[in-house]
Amino acid sequence: MDLTYTAADLAFRDTVRAFLDANLPSDLQKKVRNHLRLSRQDYVRWHQIVARQGWSAPAWPVEYGGTGWTPTQRHIWEEECARSGTPPILPFGVNMVAPVIMAFGNEAQKAHYLPRILNCDDWWCQGYSEPGSGSDLASLKTTAERAGDHYIVNGQKTWTTLAQHADMIFCLVRTDSTVRKQEGISFLLIDMKTPGITVRPIIMLDEDHEVNEVFFDNVKVPVQNLIGQENKGWTYAKYLLGHERTGITAVGRSKRELLFLKKIASEHYKHGKPLMQDPVFSAKIASLEIDLMALETTVLRVITRESHAPGPEASMLKVRGSEIQQQLTELMVEVLGPGALPFDTDYLEGKADHAVTGDDAAAPLAGYYFNYRKTSIYGGSNEIQKNIITQMILGL
Amino acid sequence: MDLTYTAADLAFRDTVRAFLDANLPSDLQKKVRNHLRLSRQDYVRWHQIVARQGWSAPAWPVEYGGTGWTPTQRHIWEEECARSGTPPILPFGVNMVAPVIMAFGNEAQKAHYLPRILNCDDWWCQGYSEPGSGSDLASLKTTAERAGDHYIVNGQKTWTTLAQHADMIFCLVRTDSTVRKQEGISFLLIDMKTPGITVRPIIMLDEDHEVNEVFFDNVKVPVQNLIGQENKGWTYAKYLLGHERTGITAVGRSKRELLFLKKIASEHYKHGKPLMQDPVFSAKIASLEIDLMALETTVLRVITRESHAPGPEASMLKVRGSEIQQQLTELMVEVLGPGALPFDTDYLEGKADHAVTGDDAAAPLAGYYFNYRKTSIYGGSNEIQKNIITQMILGL
Amino acid sequence: MDFTFNEEQQQFADALRRWVDKDYSFDTRKRIVHSPSGVSDVAWNMLAELGMTALPVPEAQGGFSGNAVDMLVVMQELGRGLVVEPYFATVWGAKFLQLAGNQHHRLEDVAKGELKLACALGEKHSRYDLADIKTIAGINGEGYRIDGTKTVVIHGGQADALIVSARSAGTQRDTNGISLFVVPTDTPGVVIRDYRTIDGQRAATVQFNHVAVPASALLSKLGGGWDMLEEAADYGVSLLCAEAVGAMEALFNATLEYVKTRKQFGLAIGSFQALQHRMADMYIHLEQARSMAMLVAARMVCDAEERRRVASAAKVRIGQAAKFIGQQAVQLHGGMGVTDELPAAHHFKRLTMIELTLGDVDHHLERFTAQRGFQQHS
Amino acid sequence: MDFTFNEEQQQFADALRRWVDKDYSFDTRKRIVHSPSGVSDVAWNMLAELGMTALPVPEAQGGFSGNAVDMLVVMQELGRGLVVEPYFATVWGAKFLQLAGNQHHRLEDVAKGELKLACALGEKHSRYDLADIKTIAGINGEGYRIDGTKTVVIHGGQADALIVSARSAGTQRDTNGISLFVVPTDTPGVVIRDYRTIDGQRAATVQFNHVAVPASALLSKLGGGWDMLEEAADYGVSLLCAEAVGAMEALFNATLEYVKTRKQFGLAIGSFQALQHRMADMYIHLEQARSMAMLVAARMVCDAEERRRVASAAKVRIGQAAKFIGQQAVQLHGGMGVTDELPAAHHFKRLTMIELTLGDVDHHLERFTAQRGFQQHS
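Heads up: the protein sequence lines correspond to chains R, B, U and G, in order. The numbering of the first sequence is the numbering used here, which starts it at 289 and goes up by one. The numbering of the second sequence is the numbering used here, which starts it at 289 and goes up by one. The numbering of the third sequence is the numbering used here, which starts it at 7 and goes up by one. The numbering of the fourth sequence is the numbering used here, which starts it at 7 and goes up by one.
Source of the hints: derived by calculation from the structure; they are not laboratory data. Only a predicted model underlies this, so the values are computations on that prediction, with no experimental measurement involved. Treat each hint with caution, since some may be false.
To be verified - Derived pair list, reagent style DSS-like, types lysine-lysine, alpha-carbon separation capped at 27 Å:
1) Lys572(B) <-> Lys561(B)
2) Lys526(B) <-> Lys429(B)
3) Lys561(R) <-> Lys543(R)
4) Lys269(G) <-> Lys520(B)
5) Lys269(U) <-> Lys526(R)
6) Lys266(U) <-> Lys429(R)
7) Lys551(R) <-> Lys130(U)
8) Lys318(B) <-> Lys639(B)
9) Lys140(U) <-> Lys227(U)
10) Lys36(U) <-> Lys639(R)
11) Lys520(B) <-> Lys551(B)
12) Lys520(R) <-> Lys269(U)
13) Lys508(R) <-> Lys469(R)
14) Lys318(R) <-> Lys130(U)
15) Lys318(B) <-> Lys561(R)
16) Lys130(G) <-> Lys551(B)
17) Lys266(G) <-> Lys469(B)
18) Lys319(R) <-> Lys130(U)
19) Lys561(R) <-> Lys130(U)
20) Lys318(B) <-> Lys508(B)
21) Lys398(R) <-> Lys508(R)
22) Lys269(U) <-> Lys561(R)
23) Lys639(B) <-> Lys551(B)
24) Lys429(B) <-> Lys269(G)
25) Lys639(B) <-> Lys36(G)
26) Lys130(U) <-> Lys329(U)
27) Lys429(R) <-> Lys469(R)
28) Lys140(G) <-> Lys561(B)
29) Lys481(R) <-> Lys520(R)
30) Lys269(G) <-> Lys469(B)
31) Lys508(B) <-> Lys481(B)
32) Lys329(U) <-> Lys469(R)
Claimed, not checked - Covered stretches of chain B (chain U as the covering partner; in silico rule of three or more C-beta atoms under 8 Å from a C-beta of chain U):
33) 344 to 358
34) 561 to 570
We put the beta carbon where it would ideally sit given N, CA and C, even for glycine.
Taking the hints into account, I'd like the entire structure generated from these sequences.
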């Protein structure tokens, strides 16, 4: 047992830090650190900076443009990005559709899509959930009927993250409704500019436009856009599920947010003393910091054990990761007290330079707390994760 | 809405207090307040003192020896007993078998048993649970076969509280195994001195002898000891379930224990200051005190609304009551710190005048904490209570 | 001992509920929230017409002399209906006027619905400590001059007059030296910056720049306002507790309805035991909260220590319940729970902001432990 | 970065586990606990034979120079097996001797299993504050004289020698002025009152009545023992954390087995979702606890601040996990869980007492916040 980074890992970390210091635009960093809303351009800009360095898809095989890093190095990269406050590299292309294309796509699909994903030439979104199928994903109803060299897609997807910016969507669609529900599903790539697609915003409880409904009304999709075999889509979708959950753990970002929490707790006073020195409040922060320390160690245990996709332990990481993220936002709101009430969307969207109350640090935090209730719901709700633990690990 | 006691209630409370001041033996009071173990004689002695006053079964109809008190007066009586630190009047006779005898027994049974229960001439215990039937009570297996003017009882009961002291046991027994499990159960009264009965102690995790297994090996029970009709016992048993759960709430005792907790927290120091003045610890006590305040108010809402057996709300009272009792003991142990480790059964059983460490107040508390884990298990586990709330109140 | 509401109280509740159902629907409310003013004159007039503004005002000033229990009934309904009008602020302000005893005319206007009030008590640094006041009240001829800035003044931008706490003596967190004033919002030097709050209400930053007020504006004894401030704050707590219980009840019912109808894996999600027990826990929290809202309303007439003790206890227990019910209701609603589209999220937001108003759980736990009786153990 | 145990560590674990399974069954342990001495010489000799007493001792003194990670493996097994022998006390005491650097002979005896130690640090009033010492060490000729009373000295009655903290200067809670001594239990004036603890172990009240010890008994610099005391205490914490994880794992596995086999309403109770999710929560706690036990063992070699930080963090997180797993394991065992008849209750009791040894959750949260790094936010 040796819980220290090797000299090579430390050198790698220095390289990463130097890259971030030199290449992360300070306006982006400021937005991220201050919890402001990011534009399409913000995401694309950062993705392409990283792509130029060749680091936009570290987990990919080197042949497709991956970095060849060890799991520990990938962890260090994510840690350092989070520590600096980079915009996220969105997972829909790099981590979700790309692995499926690599594993099950044909050569033409690989040659066309993968480089475009690496460089964020296409903005991808995910067409899985439907209004009637949340946790029970396989019950989806959107249909794709074969008509010559096209599929005709009809139906509705929902909770489609940032679909308003998307060029492409990868969809699970029903191509056979006569068989067991898992066996009639196919995996289709669809150009968002195809006639018949309508995107309707779903506004979140913090009034952010983050997710959407996507409607398909006789949308013609070329058969070349089918991944793998017809009716095998459920297999491909399941292949992905582990990938999604580890990212949600977000230990690196939580470490940055913990520092932010401490910062505001040292600037807000109770009876004339900083909250950081209040015995009751500082004990809460300490308990959360310790939770995060335990989670980080657990993540390292999992990633250093396996070089492939993590197993059902990913469910544990997702549960703890989401709870810690939520508790951080909860304590931020607690720090602010009445100062959490003011709500200023102009400032959050960058239309005003400063918040209406003058407290820029405070302005996004109540919204952040409310918005982050999603983390225990999305990516497989925490209840679903506990079902997975129950079945796959405990054998109940 | 008027949340104050009437002048009549206050006068009643004064009467009760005067009675307790004059009649509660100080040696019993000391044992109760100091969490020492009570002997059979301790229980009987107090029961008979109360019986002489005519108050040993306040909830009974006046014709059988009840007091005619209002629900509020009964609540005041229980509160004052708890506040003073009386031994409990055990529920097995007064609150459990007696209502069944009144409702379903014949005149001879009423005439024989009720006065004896009132005066604690018989010590009763409850023969419901069996090794294979805990929460699923109706699956019980102990059989009673009719043979002339007797039943022959065979089988085993378990978790039989204080059966080692008992004169009588009331049992649910299976008299018909060919029908639905609820429909073949009968309600029998059995003399514990009948040949074929064996009582085996189950030692609790604090090494107290509180519960037992009771074995029946061809035990002959006269048919006159059958309550009501054969195979209707499940109906009679269900009639009782509400009675059991309200007693478990124990608001009065918890109020006394809260004061005890505050007392030891003011006598134990952390960094030279009493724990009662420690911001973190005092906040825990405050939160618990407030929980108890909310529960007490809820109990009053329930009892002033209905004059009969409480409905499914009793499940809520049981859950909160047991949790609060457990948290009180948990905080007591926390107050003691390392001082909770010493374990001295001689002192707990009255064989030694003082605890081995010299700290008599501390000696019983770790055992009390461990023992009280039972409160969320017995009387229908808290999980079962939540099932009841789910079904009976929420309609899920 | 009696926990039932009387007939009049029931009638107030019914009338309010009918009005909310008919004229203050979720969509109507949304339009009001997103309108420039953020409140509705129509709704306000209706509240006045229903007698709500008159209810807390003494009969001598044209009101109904409603007590805290009467207000409990009303606030529960407003919480249920997510009403964003400046009713709480006005009723709370009226409590100060009533305690002052010299504001009969203003109370008459409140009763008629013609005077809206807001309480300008908090400052940037003060958190929940009502004595942590930097705003200064100096002698100014026969009257006073107020200087300072009050923050997060709930419905300050909608008010006709403000209740203002200011320091006329003593150092920053002294309970001695505090004075209370009523200041019309059109007084020169009063600068109000109105904004939305995240729960759909309004609040304001209010600057007092050399604001001159007459002697008659003083509500308390000069420098002796602390007791009045605490008593009125506890009254405000009792109102908020009642509103929270109404909101929790609505949220709980909506969640119960949702888990009964929402299907996953071919079954209503309410048939899964883990969710059932969560609902049972929410129910238990709701009932404990309801008990405390009743208790605090009933105890508003007690001596000051008992009033403080129960007010803090209620705010603690209701805050704990609101967090649990709010977070779990959103969780059980799944994705729908985190959208702006269902009332559930709005009840959750309102409940969270109530927690941050007039003291959160930790503040009131600390205040509870500071009462003399807390240390007693015999 | 590597979280695996090496082959030797695995062998130690296997050997211990085999011994526990074969010779230290639940019934055997029960007999030992209820025997007059409360410990077993046979078991102790076996531990020595298996190399356990030599493991932590430096090679120069005949040991294996085992580090905290080696001890993690051992303590996990002892926790799993509920072993009540005075092993923890001895190993912990040996840490003081090793830090002192002048106790080679005694360490050799420890390695051979011929010297049992106990640490007499706490006093009636001191709770978890190791600096809260009233016991006095005065100059006595060339040596010292110790006066005072130590309480809840774990396995004090079974020890051959005691590590004693005493004040040679300073006031009651000063970290300056503390001296550490090793005192054979047969020294005149040492009075030991041995008793059972509720988790089946032994502890003692130890009085020091004018106890004269030679100069060589001083383990630290005179009055400068605080750093050694803290370092050894953190080492003790790491041992207890490992033991707790072993106990939690055994308890978790027993509960999992129980819910798979115990039937109610015709179904294994482990098929009820509310209980399944409880088990999932227990699993998550266990894994977080395991991570922290590894981390604290690995960080024992760090600089003092990092060592203190991680030791306190581990004790906190493991304390939280132990309470949750312990209480829920008992609950899921139903009535059987509160009897003396299953190991479950005994694991629960041991876990609870570990929480009360060397600082509980609140103590270590406070200590964690007191580390310099905690206040930093950039």
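Evaluated hints:
The hinted pair formed by Lys572(B) and Lys561(B) meets the criterion: a straight-line CA distance of about 17 Å does not exceed 27 Å. A C-alpha spacing of about 18 Å is found between Lys526(B) and Lys429(B), which places the hinted pair at or below 27 Å, so the restraint holds. Straight-line distance between C-alpha atoms of Lys561(R) and Lys543(R) comes to about 25 Å, which keeps the hinted pair within the 27 Å bound. Restraint check for Lys269(G) and Lys520(B): the C-alpha separation of about 25 Å stays at or below 27 Å, so the hint holds.
For the proposed pair Lys269(U) and Lys526(R), the alpha carbon gap of about 22 Å is at most 27 Å, so the pair holds. Restraint check for Lys266(U) and Lys429(R): the C-alpha separation of about 22 Å stays at or below 27 Å, so the hint holds. For the hint pairing Lys551(R) with Lys130(U), the CA-to-CA distance comes to about 17 Å; that is within 27 Å, so the pair holds. The suggested pairing of Lys318(B) with Lys639(B) holds, with an alpha-carbon distance near 15 Å, which does not exceed 27 Å.
Proposed proximity of Lys140(U) and Lys227(U) is supported: the alpha carbons are some 18 Å apart, at most 27 Å. At most 27 Å may separate the alpha-carbon atoms for a hinted pair to count; Lys36(U) and Lys639(R) meet this at roughly 23 Å. As the CA atoms of Lys520(B) and Lys551(B) are separated by approximately 51 Å, the hinted pair breaks the 27 Å bound. This hinted pair checks out: Lys520(R) and Lys269(U) have alpha carbons roughly 25 Å apart, not beyond 27 Å.
Pair hint Lys508(R) plus Lys469(R) holds up; C-alpha atoms about 23 Å apart against a cutoff of 27 Å. About 24 Å separates the Cα atoms of Lys318(R) and Lys130(U), which keeps this hinted pair within 27 Å; it holds. Taking the CA atoms of Lys318(B) and Lys561(R), the gap is near 46 Å; set against the 27 Å cutoff, the hint is violated. Straight-line distance between C-alpha atoms of Lys130(G) and Lys551(B) comes to about 17 Å, which keeps the hinted pair within the 27 Å bound.
Restraint check for Lys266(G) and Lys469(B): satisfied, since their Cα atoms lie roughly 24 Å apart, inside the 27 Å limit. Distance check on the hinted pair: Lys319(R) and Lys130(U) sit about 24 Å apart at the alpha-carbon level, within 27 Å; holds. As the CA atoms of Lys561(R) and Lys130(U) are separated by approximately 14 Å, the hinted pair is consistent with the 27 Å bound. Restraint check for Lys318(B) and Lys508(B): not satisfied, since their Cα atoms lie roughly 42 Å apart, outside the 27 Å limit.
In summary, the hint linking Lys398(R) to Lys508(R) is supported, as the alpha carbons are separated by about 22 Å, within the 27 Å threshold. Between Lys269(U) and Lys561(R) the CA atoms are separated by roughly 51 Å; this puts the pair beyond 27 Å, and the hint is violated. Among the hinted pairs, Lys639(B) with Lys551(B) is consistent with the structure: their alpha-carbon atoms are about 26 Å apart, no more than 27 Å. In summary, the hint linking Lys429(B) to Lys269(G) is supported, as the alpha carbons are separated by about 14 Å, within the 27 Å threshold.
Between Lys639(B) and Lys36(G) the alpha-carbon distance is near 23 Å, which keeps this suggested pair within the 27 Å criterion. At roughly 25 Å between alpha-carbon atoms, Lys130(U) and Lys329(U) fall within 27 Å of each other, so this suggested pair holds. Pair hint Lys429(R) plus Lys469(R) holds up; C-alpha atoms about 10 Å apart against a cutoff of 27 Å. About 16 Å separates the Cα atoms of Lys140(G) and Lys561(B), which keeps this hinted pair within 27 Å; it holds.
Under the criterion of a C-alpha separation no larger than 27 Å, the hint pairing Lys481(R) with Lys520(R) is consistent with the structure, at around 26 Å. Proximity of Lys269(G) to Lys469(B) is assessed by CA-CA distance (about 16 Å); at most 27 Å being required, the pair is judged to hold. A hinted pair counts as satisfied when its Cα atoms are at most 27 Å apart, and Lys508(B) with Lys481(B) qualifies at roughly 11 Å. Restraint check for Lys329(U) and Lys469(R): the C-alpha separation of about 39 Å exceeds 27 Å, so the hint is violated.
Counting residues of the stretch 344 to 358 of chain B whose CB lies closer than 8 Å to any CB of chain U gives 0, which falls below the minimum of 3, so the coverage claim is violated. A stretch counts as covered by a chain when three or more of its residues have a beta carbon under 8 Å from one of that chain; for the stretch 561 to 570 of chain B and chain U the count is 3, and the coverage holds.
Consistency note: the structure conflicts with the earlier hints numbered 11, 15, 20, 22, 32, 33.
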